[in-house]
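Asker: As a plain string of letters, each chain reads:
Number of protein chains: 4
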Amino acid sequence: MSALVELTIFPTDKGASVSPYVARVVKIIRECGLACSLGPMGTCIEGEWDEVMAVVTKCYRELERDCDRIYMLLKADCRKGAEDRLTGKVRSVEDKL
Amino acid sequence: MSALVELTIFPTDKGASVSPYVARVVKIIRECGLACSLGPMGTCIEGEWDEVMAVVTKCYRELERDCDRIYMLLKADCRKGAEDRLTGKVRSVEDKL
Amino acid sequence: MSALVELTIFPTDKGASVSPYVARVVKIIRECGLACSLGPMGTCIEGEWDEVMAVVTKCYRELERDCDRIYMLLKADCRKGAEDRLTGKVRSVEDKL
Amino acid sequence: MSALVELTIFPTDKGASVSPYVARVVKIIRECGLACSLGPMGTCIEGEWDEVMAVVTKCYRELERDCDRIYMLLKADCRKGAEDRLTGKVRSVEDKL
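Chains as they are written, first to last, in this note's numbering: chain A, 361 to 457; chain B, 361 to 457; chain C, 361 to 457; chain D, 361 to 457.
Read the hints as simulated data drawn from the structure, not as lab findings.
Bear in mind the structure is a predicted one, so any value in this text is a computation, not a measurement.
Each hint should be verified, as a subset may be incorrect.
Said to hold, decoys possible - Now the in silico label distances, taken between C-beta atoms and shown as ranges:
hint, chain 1, residue 1, chain 2, residue 2, range
1, B, Glu411, A, Lys440, 24 to 32 Å
2, D, Asp455, A, Ala395, 21 to 29 Å
3, D, Gly448, B, Ile388, 40 to 48 Å
As the list claims (entries may be wrong) - No farther apart than 27 Å at their CA atoms in a straight line, the calculated lysine-lysine pairs in the DSSO-like style are these:
hint, chain 1, residue 1, chain 2, residue 2
4, D, Lys440, D, Lys456
5, A, Lys440, B, Lys387
6, C, Lys387, B, Lys456
7, B, Lys456, C, Lys418
8, A, Lys440, D, Lys374
9, D, Lys418, C, Lys440
10, A, Lys418, D, Lys456
11, D, Lys374, C, Lys440
12, D, Lys374, D, Lys387
13, C, Lys418, C, Lys440
Stated by the list, open to error - Coverage of chain B stretches by chain D, computed from C-beta distances (three or more under 8 Å per stretch; other residues unrestricted):
hint, stretch
14, 369-378
15, 427-436
Backbone N, C-alpha and C define an ideal beta-carbon position, used for all residues, glycine too.
Please model the complete structure; the sequences and the hints are all you need to start from.
Answerer: As structure tokens, this is what we get:
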């Protein structure tokens, strides 16, 4: 079952500008070996459930080191027998336009 | 660090009425031993990150048994040195009204 | 079509404790005349789409007055021919437990 | 105040494959005149609050025509004195990597 997850995670005790914290999270995601894509409102990751959730936990642990309050949003779309959905879902919509 | 998580999870390949599937998930959450609260748009769970995430994975595995497509939303508010936030956050707002 | 909406809205430029801001929003929602319910991760509102969205905009305008950055999450479940879903959805799940 | 919004909206009464419905929504967004960007888990739109919310309502009305149940997620990040954040937020993170 392919798990396509969009992760948004940031501290809320560090003021309004949090891109240095987001960068630390994105670095972890890019080095995790799974397909991923950075967007303006979150980062998409594709893999098996356990793989993706292990990365999400790693991102949380990274911020937990020096942040006292963390907000996180996870949106997941999981589908059996599907793959390459990071690009495939967009293409499937584009084909119908 | 207290993790207060709101979980919304349902299949999208079983038609518009999914309460039997939601009930299976809520049963798992209620039996997990963590503080929880069922609402109209999701179920809140409070605990340590690893405890809460283990329950979320258990819920996903339950639906994965007979669902081909699953949608999930996770909203998490994690705070150091805080506890009893399932009731405490609402009370803190009510006190200011 | 009944729109059941869960609204989470808070400033991210006011530090980690934002309950005074959330209280201002909840006050607006409670005085709007629609069915509503305050939870630990958001406030649910039920009504017709235009009614609910007008309240959401009013909440945003309230925070916009003195906040420089605002984060918002809206989860909506809209269903034709349905009503009283603020309590009905929870009851429908409870009946199956 | 720039409103950067990620919209995810789909029917839950049309089976597991909903890209034809998503395409109708994306068509509306692309023709609305605001900056936008299609991603695997939602479409980002940037503009003033009222402009963006008018587009969101138009998308909802389009699906309401022939869908009996609609699920929607809206994630908004609103910031005073900011603009071009659809590309600017990603660039700001990339610069720190």
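Asker: Work down the list of hints and note, for each, if the structure agrees.
Answerer: Comparing the hints with the structure gives:
1. B:Glu411 - A:Lys440: 24 to 32 Å: Holds: the Cβ-Cβ distance is about 28 Å, inside 24 to 32 Å.
2. D:Asp455 - A:Ala395: 21 to 29 Å: Holds - the Cβ-Cβ distance for Asp455 (chain D) and Ala395 (chain A), about 23 Å, lies within 21 to 29 Å.
3. D:Gly448 - B:Ile388: 40 to 48 Å: Roughly 42 Å apart at Cβ, these two residues keep to the hinted range, so it holds.
4. D:Lys440 - D:Lys456: holds (23 Å)
5. A:Lys440 - B:Lys387: Holds, at roughly 24 Å.
6. C:Lys387 - B:Lys456: holds (10 Å)
7. B:Lys456 - C:Lys418: holds (19 Å)
8. A:Lys440 - D:Lys374: holds (18 Å)
9. D:Lys418 - C:Lys440: holds (17 Å)
10. A:Lys418 - D:Lys456: holds (19 Å)
11. D:Lys374 - C:Lys440: Status holds; Cα separation ~14 Å.
12. D:Lys374 - D:Lys387: holds (19 Å)
13. C:Lys418 - C:Lys440: holds (25 Å)
14. 369-378: Holds, because 6 residues of the stretch 369-378 of chain B bring their Cβ atoms closer than 8 Å to Cβ atoms of chain D.
15. 427-436: holds (count 4)
Every hint, counting from the list given before, is met by this structure.
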